[in-house]
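Trainee: Here is how the chains run, residue by residue.
Number of protein chains: 2
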Amino acid sequence: MSALGRRTAPPAISWLMKTALSRPKLISLAAGFTDNATLPTKISRQLLNEILLSPKTGRPALQYGISAGENTLRELTATHLQKLDGGHDRAHSPERVLITGGSQQLLYMTLEALCDEGDIVLVEDPTYFVFLSILQSRNIKARGVKLEPDGVDLTHLEKILTQLQKSGELRRVKALYLVTYFQNPTGATTSLTKKHAVLKLLKKFERAAGHPLYFIEDAAYRELRFDHGEDVPTALTLPGARERVIYAGTYSKPFATGVRVGFGILPEPVYTTVLRIKGNHDFGTANLLQHLLARALATKLYDRHVAIIRKNYARKARLMQLALAKHFPANVEIWEAGGGLYFWARLPKEISTGMKSKVFQAALKADVLYVPGEICYADDSTRAKPDCEMRISFGSANEENIREGIKRLGVVLKKFV
Amino acid sequence: MSALGRRTAPPAISWLMKTALSRPKLISLAAGFTDNATLPTKISRQLLNEILLSPKTGRPALQYGISAGENTLRELTATHLQKLDGGHDRAHSPERVLITGGSQQLLYMTLEALCDEGDIVLVEDPTYFVFLSILQSRNIKARGVKLEPDGVDLTHLEKILTQLQKSGELRRVKALYLVTYFQNPTGATTSLTKKHAVLKLLKKFERAAGHPLYFIEDAAYRELRFDHGEDVPTALTLPGARERVIYAGTYSKPFATGVRVGFGILPEPVYTTVLRIKGNHDFGTANLLQHLLARALATKLYDRHVAIIRKNYARKARLMQLALAKHFPANVEIWEAGGGLYFWARLPKEISTGMKSKVFQAALKADVLYVPGEICYADDSTRAKPDCEMRISFGSANEENIREGIKRLGVVLKKFV
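These protein sequences, in sequence, are chains A and B. Per my numbering, residue -1 is the first one in the first sequence, and the count goes up by one each step. Per my numbering, residue -1 is the first one in the second sequence, and the count goes up by one each step.
No lab work stands behind these hints: they were computed from the structure. Please note that the accuracy of each hint is not assured.
When chains are identical, the list treats them as one kind, so a pair holds in a single copy or across two.
[Said to hold, decoys possible] DSS-like mimics (lysine-lysine), calculated; alpha carbons at most 27 angstroms apart, straight line: (1) Lys298 to Lys54; (2) Lys405 to Lys363; (3) Lys16 to Lys40; (4) Lys54 to Lys16.
Please read these numbers as outputs of a predicted model, since none were measured by experiment.
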């Protein structure tokens, strides 16, 4: 095996999934799966029927396309983002849109394009664990930046950058990665003010770094807003963003996770490099999926579907919130989520929630599964890895399982907390 | 940009495609696109309708799956290969099947799993140019092994391995990559005898190498046989293959290139490593596509479709063959193709066919495009890169364009040859 091959660890989540499958009575609040009952079977059937009915629209959907993605979908994506950003169009031209196999593939290829072994990427503390797994496999170091409910702690970010400058490591820093909407795992959303400040801070350190410091904005959960707050514009709308922001978006989570289509909006020269890498990976994302999404967007059936799932997640989140209030010990801190798929619970510091902990084992025995917080933290030697937290998902569980799952978890926690 | 990013070259084929698009009257015999008229719009529509009609079958198709791929498709794939291999089942268990985004993605991830920078992979001379592009981007060296109409030149292969052993480079050799059926670009098919000999040769040098020497068998064109010869069994059926053969197959070319589903059959520990890498790339190939193919296989509509396209390619290939005989100069050597999408033409050695050559420019002026042979040769410093050949595809061109395209190309060649 190559060094990369040896470093690529078994994904934590696969163990969780296997565990879930082996215990049929187990309620999983672990997986980031989306809601099953609201998957758009009817809409997809209708749209695919329309596409495949005539050779004129059917054949292009079943043929190879270009690596950047289908032009109509790229245009509709630019327009869609413009609309989400309140008509702002500073950085939403279709030429900068790259269609990918989910936003995950975009993240992978972006790291291939930007980072060599030994480079450093700054991440939120905690962050999306599969991103950490990519970093590890590619021998890229992660540094965790403290996370507050409205985004990273700016003072901490500046402190880290300053330290790295002093230690001579700033030249190894290539990017800051933030999950800016209903973050995985905490549910936190980064405010526009913070995005702006982050962009300015990165800019400030660029001269010392000797190269661009990119801001990777992962907006995977953006459209899963269910509170009544307003959508926060992307970092793409900020001055100077056109050259520095890499936006990772997806249609998988809002539309259907079985239709894996994501997209990136990337500055040059990252766009060109990632496009070439995409050519080597797979030439381009399956056209059939791209045509399905393009038609869903064009007919507004996409918007209608998103409205439905938002209501549904709002109901399930509210249900979970009530259950948490009822069953969890009072000294467990719960982060508010205005969207996404997760609640984040912080236990008193002395209680471990890790896979080998008493809490996790007791939960498993009670047939309920959560994601231990520790796997969401980077291997960052500058701090101890917190292990007193848990990610709890209302994404795929139905209402009964949410109620019963939280109740079981509450019983477990009350024994330890 | 990273070193990988800087090394990843613009794909030659993208330039060819752009050129094709900019000249509306141009007849492209370059692209490896499949036949447009026989794309399975009707079958796909019917099957997707069935899948999405009931929530029971529709929802799983629109939800996340597991990284290895949908179990039914993995089972059907193992059975399908068993059938192709005449009932042989030595190495076709579903547990070893990994579903990927086309076989291209499998090749990419396999190289990630096996090779470090500076490693060596042996390839056919000439070979599939996108594979060469991956090698280059990952800083893996390629060594070309002479190709004969029934597979690699075994004497040359042994000579190269011996040389590499003497020079101390054998420890950097990780694999031999062969496109074993209707090879891209030459149309050559590797005989079972040669596969066996290749496997034994690799085995022989393993002790000196100090690690396994894998045989990557790319069978992308396998099902596009149109002569009346019998299918050659895979290397997987040979003794010892279970531990050393990495089989890359695909449903994209025989079914629909817009439904990008490929698969690998891999030995441990490569299987586990590639599976983990797949988790980092995209968690798994889009379920909707996997369910579509599983149903196509289960209902035998897949087989019926393959029978149709085989007849169609047979007709188009015959047409091209007749046109070649009629219009090409007699001293141009044409390789026989019993399947696949390509003819391979070898001009007298002194005539260059490269992108900057007079022949290529004249062809472009005559509005006909081919793939210059030179891009199918590895950067191998041990020999001069041949540049007197051309790959001519009958895949996507219709009958009229095949006739007219070869006629135009013949006129051009007669000026130079």
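Trainee: Are the hints correct? Go through all of them and say.
Mentor: Structure-based check of all given hints:
| no. | hint | result |
| --- | --- | --- |
| 1 | Lys298 to Lys54 | both (22 angstroms within a copy, 26 angstroms between copies) |
| 2 | Lys405 to Lys363 | within (14 angstroms within a copy, 75 angstroms between copies) |
| 3 | Lys16 to Lys40 | neither (30 angstroms within a copy, 38 angstroms between copies) |
| 4 | Lys54 to Lys16 | between (44 angstroms within a copy, 22 angstroms between copies) |
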